[in-house]
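Q: Chain A is fixed; fit chain B onto it per the hints.
As given, the protein sequences belong to chains A and B, one line each in that order. Start counting the first sequence at 1; every next residue gets the next number (my numbering). Start counting the second sequence at 1001; every next residue gets the next number (my numbering).
Derived by calculation from the structure, the hints in this document are not laboratory data. Take these hints with a grain of salt, some might be off.
Mimicking BS3-like on lysine-lysine, the simulated pairs with C-alpha atoms at most 27 Å apart in a straight line are [claimed, not checked]:
1. B:K1021 <-> A:K184
2. A:K130 <-> A:K54
3. A:K130 <-> A:K206
4. B:K1021 <-> A:K54
5. B:K1013 <-> A:K204
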Amino acid sequence: MRDFKVLNDAVIKGDIKTALLEAQSALDAGANAQDILHDGLIAAMDEVGERFSKGQMFVPQMLRSAKTMQECTKLLEPFFQEGDVIYKGKVLIGTVKGDLHDIGKNLVSMMMEGAGFKITDLGVDVSPEKFAEKAQEMQPDIVGMSALLSTTMTAMPRTIEALEKAGIRDKVKVMIGGAPVTEKYAQEIGADSYASDAGSAVGKAKKLLGVD
Amino acid sequence: MIIVGEKINTSRKSIEEAVEKRDAAFIARVAREQAEAGAHYIDVNAGTFVGQEIDYLCWLVETVQSEVGLPLSLDSPNPRALSEAMKRHKGEPMINSISLEEDRFQSLFPIITSQPCHVVALCMAQTSMPTTVEERVQVGSELIHKLTGGGIPLEKIYVDPLVQPISVDTGMGIATLGAINRIMNDFPGVNTICGLSNISFGLPERRIINRNFLALCIAYGLSAVILDPADKQLMTTLVTVEMLLGRDEYCGNFIDAYQNGRLA
Chain A
1 MRDFKVLNDA
11 VIKGDIKTAL
21 LEAQSALDAG
31 ANAQDILHDG
41 LIAAMDEVGE
51 RFSKGQMFVP
61 QMLRSAKTMQ
71 ECTKLLEPFF
81 QEGDVIYKGK
91 VLIGTVKGDL
101 HDIGKNLVSM
111 MMEGAGFKIT
121 DLGVDVSPEK
131 FAEKAQEMQP
141 DIVGMSALLS
151 TTMTAMPRTI
161 EALEKAGIRD
171 KVKVMIGGAP
181 VTEKYAQEIG
191 ADSYASDAGS
201 AVGKAKKLLG
211 VD
Chain B
1001 MIIVGEKINT
1011 SRKSIEEAVE
1021 KRDAAFIARV
1031 AREQAEAGAH
1041 YIDVNAGTFV
1051 GQEIDYLCWL
1061 VETVQSEVGL
1071 PLSLDSPNPR
1081 ALSEAMKRHK
1091 GEPMINSISL
1101 EEDRFQSLFP
1111 IITSQPCHVV
1121 ALCMAQTSMP
1131 TTVEERVQVG
1141 SELIHKLTGG
1151 GIPLEKIYVD
1161 PLVQPISVDT
1171 GMGIATLGAI
1181 NRIMNDFPGV
1191 NTICGLSNIS
1201 FGLPERRIIN
1211 RNFLALCIAY
1221 GLSAVILDPA
1231 DKQLMTTLVT
1241 VEMLLGRDEY
1251 CGNFIDAYQN
1261 GRLA
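Next up, chain A with everything else stripped away, as it sits in the complex (with noise of 0.2 Å):
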């Protein structure tokens, strides 16, 4: 199998011009975009995810590599067939009713669709009904809220009322996050996982899943 080791590592230092070198050179030697696409950049999103987790980087070089992926995979798009990208699963995500903060759940989208998630984000202020309506509409995997007020979280048991009413609630996974929110308030609201941050929220979404 190719070594995409120097691939990992522009992706992980985020230096666009090597990544699309080193993509370019690889399709042209023959490798599978599939094989680009998991192990030269998926694999390193993951390690930037987990890095990013420990405090070894920050916001603004985990959206530095995923711009690089986001253009690597750009090259790489033509060369994919009918049925080759699989994802890890399909993730419905918002922040909630009442709240119009939007950096904490679009760096845990970008995370995500790096991990290899498919990704459909509702924006911000959205409200339970739309949630279970969006969600019924798309049958996701997991419903992912964020909430950055410790006055909106509350609409994060209502979501999860309206997707019971809506009878979804058994058929995704539901994950909670943002500033006010914890692991214990994820417990008391019948939350499936609570992530503390974008790199950890990509770990539990597999755990819930069971993927990797």
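A: What follows is chain B alone, placed relative to chain A:
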């Protein structure tokens, strides 16, 4: 520079525990420490107690005001909590905060116009957070017009331009600074206020970033700030920058800080 002491906030673990146990002595000590370090207002926030916020906030108001003779910054987005806390407050409180979000504005406006108070006007619109200088100025101006229209004098309005992390968008520092500058120029007499720590989210050594950002904010015209007045390095930056900008007659505050061992 008007200083609002930020430490009595239940999102800090020691405060949350003290509030839960109704440890009045602990809260009084934190209030006293901030007052002695130069705070003009003491912020009180019980936001983490969902469902019990009103009781706890009222208790904080009474506890802090029985220790220090300062007005408080009543910190909550919840109109009912603010209304109850105001009833117990002695003197003119600072209400932290109102925004253009419709429900919040509609329910809070009658409360803040019913008795004299100072008010923080957060540059948050109905549907989104502002990103540019222009958007901040637009939301801030609209709030100023509405509040002055309700009889609140310009001098009692503190526009918070909303600080967002530089780590996510390197334009966020200048967006806040530009907004401070424009608002102070467009509305002579109004105040601008902000917290500092959002700027450094996602980066290491946050305190270094926060204190340099404070210097820039002051230079761009910021007239009030929410911070930890017991942070000696931060307060050193504040007093030094004020002097350098010609706002410290005979350099009196700076020398006084030196002679009292407050510089670091």
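Q: For each hint, tell me whether it holds in the structure or not.
A: Going down the list of hints, with the structure as the test:
1. B:K1021 <-> A:K184: Holds, at about 19 Å.
2. A:K130 <-> A:K54: Outside the cut-off at roughly 35 Å; violated.
3. A:K130 <-> A:K206: Within the cut-off at roughly 25 Å; holds.
4. B:K1021 <-> A:K54: violated (33 Å)
5. B:K1013 <-> A:K204: holds (25 Å)
Hints 2, 4 from the list above are not met by this structure, while the remaining hints are.
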